[in-house]
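Protein chains: 2
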Amino acid sequence: MQCVSRLLRANPSNSLRNCKFKPAPAFISTPPYQSHPTQSRSFAATPTHFKFVVPKRKQQVTMPSDMTTFKGKPFDRASLESVMKRRLFYTPAFDIYGGVSGLYDYGPPGTALTNNIVDIWRKHFVLKENMLEVDTTMLTPHEVLKTSGHVDKFADWMCKDPKTGEIFRADHLVEEVLEARLKGNKEARGEKVEVEEEDPKKKKKKVKNITAVKLDDAVVTEYEEILAKIDNYNGEELGLLMKKYDIKNPATNGELNPPVAFNLMFQTSIGPSSNMPGYLRPETAQGQFLNFAKLLEFNQQQMPFASASIGKSFRNEISPRAGLLRVREFLMAEIEHFVDPEGGKKHPRFEDVADVELELLDRDVQLSGKTTIKTTKIGEAVKSGMVDNETLGYFLARIQQFLLKIGADPKKIRFRQHMANEMAHYAADCWDAELLTSYGWIECVGCADRSAYDLTVHMKKTGAPLVVREPRKEPLNIEEYVCDIEKKKFGPKFKKDGKTVENAIEALTQDLREKLSLDLEKEGKIVIDVPGVGDGKVEVPKELIKIEKRTRVEHVREYTPNVIEPSFGIGRIVYALCEHTYWTREKDEARGVLSFPPTVAPTKALIVPLSTHADFKPFVRTLGDRLQEAGVSTRVDDSGASIGKRYSRNDELGTPLGITIDFQSVKDNTFTLRDRDSTEQVRAGLDEIVAAIVSLVNGKEQWSDVAARLPKFEGQEAEE
Amino acid sequence: MQCVSRLLRANPSNSLRNCKFKPAPAFISTPPYQSHPTQSRSFAATPTHFKFVVPKRKQQVTMPSDMTTFKGKPFDRASLESVMKRRLFYTPAFDIYGGVSGLYDYGPPGTALTNNIVDIWRKHFVLKENMLEVDTTMLTPHEVLKTSGHVDKFADWMCKDPKTGEIFRADHLVEEVLEARLKGNKEARGEKVEVEEEDPKKKKKKVKNITAVKLDDAVVTEYEEILAKIDNYNGEELGLLMKKYDIKNPATNGELNPPVAFNLMFQTSIGPSSNMPGYLRPETAQGQFLNFAKLLEFNQQQMPFASASIGKSFRNEISPRAGLLRVREFLMAEIEHFVDPEGGKKHPRFEDVADVELELLDRDVQLSGKTTIKTTKIGEAVKSGMVDNETLGYFLARIQQFLLKIGADPKKIRFRQHMANEMAHYAADCWDAELLTSYGWIECVGCADRSAYDLTVHMKKTGAPLVVREPRKEPLNIEEYVCDIEKKKFGPKFKKDGKTVENAIEALTQDLREKLSLDLEKEGKIVIDVPGVGDGKVEVPKELIKIEKRTRVEHVREYTPNVIEPSFGIGRIVYALCEHTYWTREKDEARGVLSFPPTVAPTKALIVPLSTHADFKPFVRTLGDRLQEAGVSTRVDDSGASIGKRYSRNDELGTPLGITIDFQSVKDNTFTLRDRDSTEQVRAGLDEIVAAIVSLVNGKEQWSDVAARLPKFEGQEAEE
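These protein sequence lines are chains A and B, in that order.
Quick note: the first sequence, position 625, residue 1436 per the numbering used here, numbers continuous.
Quick note: the second sequence, position 508, residue 1319 per the numbering used here, numbers continuous.
There is no bait here: all hints are sound.
Any copy will do: because identical chains look the same in the list, a pair fits if it lies in one copy or spans two.
Below 30 Å or equal to it, Euclidean Cα-Cα: the simulated DSBU-like pairs (lysine-lysine) are:
hint : residue 1 : residue 2
1    : Lys1511   : Lys939
2    : Lys1272   : Lys964
3    : Lys1478   : Lys939
4    : Lys896    : Lys1271
For the record, the hints were derived by calculation from the structure and aren't laboratory data.
Sequences and hints are given; from them, build the entire structure.
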């Protein structure tokens, strides 16, 4: 069962909180942008500081009706997915064993595409900004994730059918049943019901006990209100809804147990004894925080600086769906930019990006129930306060530059600000870079201000100094009440309790000290609470103590840095990029093309000998060797298929360039070079062809430059 | 307790089997090469096909006494390790939480070094050979690893102290106790005992109940024999040894439980119910095998081809030691080259490498108890049969080329052939590339012929056709007995049993058919076994059946490919490379240098302004931007330290080049460029400096080329 009534939904804000890789909420999944009223909440969702508690799957399965391809034609997801599977971009993992949901393997083009994107990411962020890239372990002991809060709160609600053993994700179940009932109501009233595409290969659980039954208008309204807020309910609330609306196992109508929390981390045990429980990390961030002090030292105590990490993370989803968008093992690239919380979080390179224009969907617009995009220069957005600070703004611009560099469609990128109540309680601001796909607007990059939260909790737990200490330019004068104890008389008077009393005095607050200094002056003694000594009250005469207001000069400033965290879901970006670059040839819809930029394309050049004739072989090898030396990845297709068919196969792989070796090549060492997108061809000698390819692959030239330079070739056009 | 009597050991061969990342066995850990007699075995170790059953840690902790640095001076491991930790190449993971043994984080230089090595690996193997790189999941369901055999056999023996709960690895415990007793014996006899370096920070368990006690000569011999074969014992045998020699908890003298097998895979549960147990993969290979059919299809059915995968694998060691050499989470790069088992496993590019000379330690030499290296051209080694086939030979040469490319010391590389009894039972041949380190010769790359084992077991289990089907050049004529059934008469005679009888006839072997054809001729009927029909014997008269010898022509050949598997332990290579490139300055032993080649070095160029003077800032930025554009990673050090001190810090990071910005630079836009290894400097303008750096970093020029081209500069030599 999938959502059909998404268009009716409203405010998703509260629920999504600071959820890092949640899909976009429903109401913004429906371009062209529609306006929806903000609804009031009848249940209070537990506020939490987690960016990713209860990851949601609000993707639309029915596509936005006006979704278009790279070339502006209607987009067909089934056709793209067929290409991606056929060409082995990805495949279900353990397929020959029946597969495991939520686990996918990347085949050669998917792996190369991912590697190229990671490579560009590393150059764009790590190299450009001198970030400190680290590689920390995935295995993480319990204590660390207990401190970070994941052990207690990184969970979804599930309920079990005690008879069949089936397990349901509670919010999904409520959603599916109510949606099925609404659909049944429509059918009973003879209204048109959107028909969903179904994948016949997948055995979907059907909501069986729902037939076409009319519902009262009041009930319809109630259901729609619940669906609009489905992300907001906690376990207890979901249990109440299930009771109230008689929601059972849809397949058997069996009673279900009440929802219980299911932690989304994969648990394991480190070492041979069972006394060191551990988890697979749910994010790379914690490993970076734990090394903060060493990284600061490595950076020679200079602030600000950023660490970065690229690696796999894991989430044990209850029932993963939506292909590559929600998986149990995924590649993340995360940056933790540590910045002084004082001084407005300036960024030294902000001026470089101040004029970059972004499509911003800010909090106020969403609050008013609209999804109107404001095209705004980031400099202005920071100036007006829409974006909280320069560092956050800097990264938003840099994220967009990165997405454009890898070939994302500029019309399908936007930045959505988190609502106040979906954000971490400590966060100053948080924006998601969303990419438009046939599943709606999908969060592919989160950019949050995590404040000092993580460093603070780990420091508190371990005592490690996760702080910056820097000399003050101006020494700080601090006025404070100081207690001086007459140690010589103190011992004889209090004997064994001396130290306890001393500690109690040491612990007195400034307010109390001020009050006590007056007591001392007036009454010649003070009385303080010292639990465990006598009756808990201890009298200290003025001979033993002096309380004075004095000025202390502090030369060193100590602070816990704040963290701005751009966090990239590489798998989601890869998938969205495939949607953004996919189109089909004008004359033939079965001929798909993936128009990756040459820098990103899995293979750069296809080498196509006209036939398997032995004369062509040395040329195949020379071309391959020359290009490999230049770091250009090639593939040879010397199969018996027609040239056109071979190119067409590589269009689906997104290979931007093709080189044909024909009998003319054997004579004069010239070759044709074909451009994937235009199917234009030029012809030139070996060196010129290799130089043109290198130049295109490194992004130094466009095809139009090459086409203008080298003689056009029209020979094999007919075979296309 | 560490081994001190390694030099006394002999034949390690049987025990190490086909263990992928085991350290080198003891007797070859002691250069200069010594000869040891092969000892007879008193216990038979269970033969197994696993390359990695019972990973051993036979490293010497006391260094080979003639171990030298890159510059031929005595090598000091403590000094290198201090540099690596201080400069954050790596650090214990979760250090502020007390750390977890066997888990390490890589800091910025370690991460960059690893990335650069992986990048070169990918170009050298994947790109060069058009390998199909895949990225498969680490989470692996139980069934897959049950089939591969890991669930049952990938284990070490451990025993528990029921009182204290302590867990010991049984073979290590026996080894440590016997070694301690031998040491005690020496002390009691007043012989000199080698003193081990102890790391005061580590709380080592002491073997307490051993004091200086004299042993009979016969006992000493017995102990030494056991130690020489310590890797060969199974759990039961280790239990017997512990009983016989009264081996208990060394700290408390408490009785221990008998050894039990401990599986080395990290277990977890996939999904919300507990009915899908899974593991973290122990190697990347299985994911490649499972996708074989799809990869073959992707490769357009062409053989041979190779898949490759780079990713983390996991082993839950009982008690990890030896730093980066034996960890619980590690990066592997594995190639599975699929080849036709017929036709001698030729390799199309073998001629390219036939003249490459390798240092080979072959099986026969080891059998004779020697470690004499034969420097042999790989072409000759294959020709003579020392190396089994071209494909294996090709990869050995390519592995060496890779190791040299990243900067391994050619004098510290050798290839050791597995002994017949340490190899998988199916394997034709297996060689390890070993790098000499202060822990002895360490296996860093395994290159094994896994035959058709894995594809066969997975095909058998799942029924998936993990085979190659190819048209035969010459059709194959097969003579066989065929049974023709007279279907029309068959039904009326056997009625409901007709199909069962038919199936029984279909299942008859060729031998039986031959015999029955004679029966049919002689007796006019045959009698066959058909369980479940009548009394289990069925008579078929000649009217119903005909058995004839006929010739069938087979046009398609179907076979299961063999696999040649070069498998790289990247973490081990990284560590060994650091040892190979480390040295200290002539005048000052505290000044360490890591002489990584520029292609591999974590950071390529250090930018050093003479001071923090504002005039230098624009030059720092221009240089940084220009080099970043060229893809060269830089670091700026504008701290207050002297130029010499700043260079010296970056020598320890292995940064090959340094650029100084001084007041002359402000005047005429010229800079000095310094070479890490020679500390020579040249001076030139911005463009020339940038061009020289790019050329050095890409490996196009050596420093000597640049020094010959550009004017020498002697200004700041004094500060070095």
